[in-house]
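Top line first, the protein sequences correspond to chains R and V. Per my numbering, the first sequence starts with residue 1, numbered consecutively. Per my numbering, the second sequence starts with residue 1001, numbered consecutively.
The reader is advised that the hints may include incorrect statements.
[As the list claims (entries may be wrong)] 25 Å max Cα-Cα, derived PhoX-like pairs, lysine-lysine:
1) R:K27 - V:K1056
2) V:K1180 - V:K1191
3) V:K1127 - R:K98
Derived by calculation from the structure, the hints in this document are not laboratory data. Nothing here was measured: the structure is a model prediction, and the numbers come from that model.
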Amino acid sequence: MGEIIQKEDHRRVFINTLLELAETDDKIVLLIPDVGFNYVNSDTLPGRYFNTGVTEYCTMVMAAAMALSGLKPYVYSMIPFVTFRTHEMVRNAVCCHKANVKILGVLGGPSYKMLGPSHNLLHPMEDVNMMQEMPGMQIYLPQTNEDVRAMVLDAYSHEKPSYIRL
Amino acid sequence: MENDYKNLALELRRTVLKMIHHAQSSHIGSCFSSIDIMTVLYELADLSLLENGLTKDIVLIKSWNVANAYACLARKGLLPQEAVERYGDEGTQWTTILEPIPPYLPFGTGAMGYILPAGVGFALAKKIKGEEGKVYCIISDAEMQIGSTWEAAIIAAHHKLDNLVLIIDWNGFGAMGKLKESSDVEPLGDKWEAFNWNVSRINGHHYGDIERALVGEPFVEGHKQTMPRVIIARTTKGKGVSFMENQNLYHYKQLSDEELSEALGELNG
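Just chain V, with the same shape it has in the complex:
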């Protein structure tokens, strides 16, 4: 299984690289930080449709990693191939920051600070309606700088939303540099523990770790079984391409033809 994920993530990295080069858009570093998590999550999530038109498991992602989601969903046949081929083209709906594309991308998390609040809304709605399924939210560590994230953290714990799973893509960088040099959010785990969440810590590029954490049960003990879960995934921004790893230049930088070719060379091994 781990080899399957590895091959799949490699294929998705190549796809996303070409998409971002095609669109001459940003965020390749951040996309490669979260793509291993998203690869596993989109394989495990139950995306069958419920009566309300939403998927049974709801996946909310970082809006600037939408290329990953288009690539994962198009590969599964849940979005048209056009989402990949015409990524970022004017006149299409394939924006480079996520807008709502129901049912598989139900919420536009464009501005930061909306992912966990929306996740809490979806998870609480499931509780009220007695609906099955989980709500998965992927956020960046920089999202922990935002007040609305903490409002949501309090509400989720208060209502014991055990159907809510938060994954933090902890690469240590914001848009402009290291979080330690802007407004530091560490220690991450202690903060969530203090907010009464169920915390697990994993390597966000280790497929076995990711799968075990997403499935979840082994990490949950005692009274915390009824609490929301957070998976703190240590990641490397730009993971998989040597000249992009931990180089925050690739948060914004568009890719030249040479950079595309060199990166593809590495990903083709």
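If we strip away everything but chain R, and leave its shape as in the complex, we get:
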């Protein structure tokens, strides 16, 4: 049986930073459309962690509505599923409502390459090009673990819709 390695990478730093923020902010909610093995589970943020299943269209719209209700939703998945798949929902539900939704897109490591084009970018700026067209969207492209922490904290400090590539 293979060992489950919990390495300190961008995803881990994001989750740890979010948990730290959530200790003093009960408005933070984490929406996971059935991804995040080895990073999040039902013990992460009890009562404020929702695995919504493979429902990205609905989840992105829900996140916008939850933000308008005063919550602070973080939507986390692999890049294609929170960008290209939900392009219209990010545009209409999140950005056109200026909803305080933070979108986390996981770029993944070298092991992702053999998952093929559905799970990877076709070119390095494919997701960023889309997000740059979104009104009011703040875009963060951390390069190091320190960047991730700083950028998650920065995105938290304002109410604008944000895209953080992990």
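Position chain V relative to chain R; hints supplied.
Leaving out everything else, chain V in the frame of chain R:
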């Protein structure tokens, strides 16, 4: 009470007819399909404001029936009369497809497939925050053709969102014709039953039926008390004007002066 609703809905039909004629816009058929439901709903809903700036009960409507909402809300003094008088005028915010106008119209349901997902988001947020109030969503039967509606149906049932009430304006038509001739969604009730929702079926032009269904409790039994509710309201597209009823031409057609005058004649009885 039923007579009050009847008179109110008649007044609102006249208002909406003039608005759509003024704007030379579409959707009179669909507006008249849902206006009896919206008349009762806007009377029953608690639209007092909460600390988060939203209303206690949240009402999400079909974006292309926004004329009905402007008319209902302006009549209650919750939107300016300008929403009615300058409906569809360039340079105003009174678009003919709903854009967000908080607090009473908090979510722009412009593109189809957003109403129930947004309703689930608002209802789940209420649960998380322990907030009172219900979330009412009005959708068309054509909205049942959209995948995101079913994603939302699954999530709502999974989280037992008993503060969520969905009303389906079942007139049988989409934009281009009968749903039976595009992608049929029947049987409606069985689908929602299978998704574990609490289903009631009513006549969507009968004010007593609408009121009882919206108040809700008599329809709820056993374990389903904790489930979201759907009211399947049988309606007639274009209801109230004889030459518009079940004539899908009036989904898109703008109204001529003659059509306005003839329709008003019927509505003035």
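Decide if the proposed pair is consistent with the structure: V:K1180 and V:K1191, CA atoms, cutoff 25 Å inclusive. holds (16 Å)
For a C-alpha distance cap of 25 Å, please report whether R:K27 and V:K1056 respect it. Holds. R:K27 to V:K1056 sits at ~19 Å (cutoff 25 Å).
Would the hint linking V:K1127 and R:K98 be met if the CA-CA limit is 25 Å? holds (23 Å)
In this structure, none of the earlier numbered hints is contradicted; all agree with it.
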